[in-house]
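Asker: The chain contents come next:
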Amino acid sequence: MSAGWAVRWLPPVGSLVVLTGLAEVAIRVGRVSPLLLPPPSAVLAVAVSESPALLSASSGTAIAVLVGLGLSAVVGVTIAVGLSTSRFIERAFYPYAIFFQVVPIVAIAPLLVIWFGYGIRAVIASAFIVSIFPVIANTLAGLLSVDPALRDLFRIYRAGPVDTLFRLRLPAALPDVLTGLRVASGLAVIGAIVGEFVGGGGLGVVILGAMREQRTDLVFAAVGYASLLGLALFGLASLASHLSLRRWHASEKELG
Amino acid sequence: MALRLSGVTRIFRPTHGDAVPVLEPIDLEVGRGEFLAVLGPSGCGKSTLLRIIAGLDRPTAGTIGWLEQGTTGEAEEARSIAYVFQDAHLLPWRSVLRNVTLPLELAGGGRAEAESIARATLEQVGLEEAVDRYPAELSGGMRMRVSLARALVVRPRLLLLDEPFAALDEITRQELDDQLRTLWLANGMTVIFVTHSTNEATFLAARALVLSMRPARICLDHRIELPTDRNASLRADPRFAAQAGILYQALLSGNRR
Amino acid sequence: MTHATWPGSRRHSLVLSLVLVLAAAWVGCRHQDRDRLEIALNWKPEPEFGGIFEALHDRIFEANGLDIELSGGPGAPVIQMVVAGRTAFGIASADEVVIARARGSDVVALFATYQTSPQGLMAHAERGFDSLAALLAAPGILAVEPGLPYVKFLGSRYDLSHREVVPYSYSIAAFLTDPELAQQVFVTAEPIAARRAGAHPQVFLVAESGYNPYTAVLIARGDRVRDDRGRVTALQAALREGWRRYLDDPSAANAWIAEQNPEMDRESLTLAAAAQVPLIKTDATRRDGLGSMTPERWSTLAEQLKAIGVIGEVEEPTRYFIQPGS
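Residue numbers (our numbering), protein chains in the order written: chain A, 1 to 256; chain B, 1001 to 1257; chain C, 2001 to 2326.
It is possible that some hints are incorrect.
[Claimed, not checked] Taking beta-carbon pairs under 8 Å as the criterion, some of the chain A residues facing chain C (in silico):
| no. | residue |
| --- | --- |
| 1 | 29 |
| 2 | 34 |
| 3 | 50 |
| 4 | 51 |
| 5 | 55 |
| 6 | 98 |
| 7 | 106 |
| 8 | 110 |
| 9 | 114 |
| 10 | 116 |
| 11 | 198 |
| 12 | 212 |
| 13 | 214 |
[Stated by the list, open to error] Covered stretches of chain A, as calculated for chain B (at least 3 residues, CB under 8 Å):
| no. | region |
| --- | --- |
| 14 | 37-46 |
| 15 | 156-164 |
| 16 | 167-175 |
Bear in mind the hints are in silico, worked out from the structure with no lab data behind them. If you're wondering where the values come from, they're calculated on a predicted model, not measured in any experiment. The beta carbon of each residue, even a glycine, is placed where N, CA and C say it ideally should be.
Could you put the whole structure together from the sequences, leaning on the hints where they help?
Answerer: Here's what the structure looks like:
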């Protein structure tokens, strides 16, 4: 454990401690109003003292994020497969996929609440909309960059389109799908929180309420919990990537 | 399987630029069970010819006919052709065993049956110890042997190879040449082997075609005058050098046009 | 008569004078910028700021020696802007002032536009509620802004467990489509819009429950009040005069507001201006003047906020405000 573990974890944790310490000193010496920027110690104190409420809120957000992300994965891969069937279809319909990327979720969220009602469904929809594009884009790139010689091989064996999709194209695209999911996981958290601003529940409401109550330290603490949620998801996606790719893909083999 | 090419030509028409004629009208007959080597300078079109025979490409003009007693049609032929590329092109996410079972899976065979046939084929190429390894863990030579096994697992009537051993070192290459010839003698399929090595062609083949520069035509169609029973020591034999020399001369003159 | 061309010396003095004039103008502009004072609003231009617009439009600020610029809008963090010194003055509500002070920021109230808070809850009249308590006791969605102190107050007074509490997003769309939905309103705004959309809203003021902070309050940072007392006093006086004229006749300022805020049409402006009069002009203001405040009201508010756990300690009530005209 010791050597490799230290090399892996010391740099990020160490830099976090140093930067936090510097921020603490700077904020206190500079007499910055806690209304504008609370010192890290205050944020940490609130994160601990309010942890029951924050954990409860986080679990609400986490559920919406997981469902939204799951939907992104399934629907996103399906759409990418559809787009990859022909150049014409790709050119005709890819712009609509880009729409998911550029639509300002803050403007769409109220519409989502009108369509899905208040509560978790609108939040899931928001997380889904914001996170689906990276899945589509990366999966499509993976599907289109399959080794042409392997495609020839499948043609020689007269493999049908279904066989080719499930035995060749999707496994070949798996590294790209997982990359897309890694990017999507952080976006899903953002989408969920914006959805909660309008639809209610989770960390979104905690953040709104804390702002209104002028509890800036609680705002930061809630944002911290949201970041941890995003990090956890990113870690999960990376773990999935490692487990499924480690025997054969260059990206995982280097990390060992 | 025997096949006949009549007047096969191929012209590439890119979206930008002029048309490029790659194959001049080729007339060729290959007998059943023949081992045919195809030689030519780089870029002359020998790979294109092979791809056309494999069905991966269509000739611009001309026909390809198959002469097989007892065949009922295209489906039968399809299963009968196997192709080996210059790189092994294995599926990296599958183990060695599952790479070799792939053609059988695509043909709709049962899992257990496919695995036993695959194991047997891997034994033929000497890889029975490596069945659970992954391509990323294998050397170049081992990967090529897996590729060979994958080609042989369907018992092809026609085996096409496109410079399969070119990327390997000399010793491994000669080992694989030996192994290929042994497999050919054992299974009796028709083999068309593209190479740019006159030594390899001389060692392996019963008959050699030499193609000219692009657009390719047949410069030489030569029966290799060497015994059927060949082993490594043959390479030192003066007859070997003589035969190789004939092919080399034809290559040179075809190159000059 | 000599046709004088411009002799050299004359030309030089002309150029010199031009340069001096430009320099003076430039210095004057810079000087003016330092004199310009900003008031950050916490919503769009609407009758709730009618007195301010009247004062601007009628040059009442100028008459009091002030150069005023308006800024802000919906969602502007007015308290933070004032604390950070980004803006000299702002508009907030009294409970925000108490909370800010409890959090360690020195902000002071200078003018209380609404003596009665216009904060209310709106439900469909078809529900037949006869009081705020009845509305809160019924089932259905309640759309309120999370974190607003009045929500916590109502929660401490009444049982809200039947209600599904969701965030309010400043649109009456949900109200119009859901007959069971009740939502937060400013009496001068949403109910009027709902009526115009064909609904029959019934409004209950939050003040009915006893929670009644001064609203649309002019605030500034404590050090500005100490160091610039003259202009603070002048601003309070100008605001008082502006509101006096606006309450008398809002039409001129409303026309100007309509220009700044195309979403509001003349009829809505007129209705809103009329609806807010009893909230602004009360017995207290008839006694003490428009915008005036009392220590008792501040004390009550602070105790209420402490009781619901939003703040820890209350202050001496006179620290929260400076009475206009004092």
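Asker: Identify whether the interface hint at residue 34/A stands, where standing means a beta carbon of chain C within less than 8 Å of its own.
Answerer: With a minimum Cβ separation of about 6 Å from chain C (threshold 8 Å), the hint on residue 34/A holds.
Asker: Given a cut of 8 Å on the nearest C-beta pair, is the interface hint for residue 29/A held or broken against chain C?
Answerer: violated (16 Å)
Asker: Taking the closest Cβ pair, is residue 98/A under 8 Å from chain C?
Answerer: violated (27 Å)
Asker: Are at least 3 residues of the region 156-164 of chain A within less than 8 Å of chain B when you compare beta carbons?
Answerer: holds (count 5)
Asker: Go through the hint on residue 198/A and say holds or violated, using the shortest Cβ distance to chain C against 8 Å.
Answerer: holds (5 Å)
Asker: Classify the hint on residue 110/A as holds or violated, based on whether any CB of chain C lies nearer than 8 Å to its CB.
Answerer: Holds, because the Cβ-Cβ distance from residue 110/A to chain C comes to roughly 5 Å (cut-off 8 Å).
Asker: Can you confirm whether chain B covers the region 37-46 of chain A, using C-beta to C-beta distances below 8 Å and requiring at least three such residues?
Answerer: violated (count 0)
Asker: Quick check on residue 212/A please, does its C-beta sit within 8 Å of some C-beta on chain C?
Answerer: Residue 212/A check passes; min Cβ-Cβ to chain C is 3 Å, inside 8 Å.
Asker: Holds or violated: is there a CB of chain C closer than 8 Å to the CB of residue 50/A?
Answerer: For residue 50/A, the interface hint is violated, since the closest Cβ of chain C sits about 13 Å away, which is over 8 Å.
Asker: Restraint: residue 55/A near chain C, CB-CB cut 8 Å. Satisfied or not?
Answerer: violated (18 Å)
Asker: Hold the hint about residue 114/A up to the distance rule: shortest CB distance to chain C must be less than 8 Å.
Answerer: holds (6 Å)
Asker: Given residue 51/A as an interface hint, is the shortest Cβ-Cβ distance to chain C below 8 Å?
Answerer: violated (18 Å)
In summary, the numbered hints that this structure violates are 1, 3, 4, 5, 6, 7, 10, 14.
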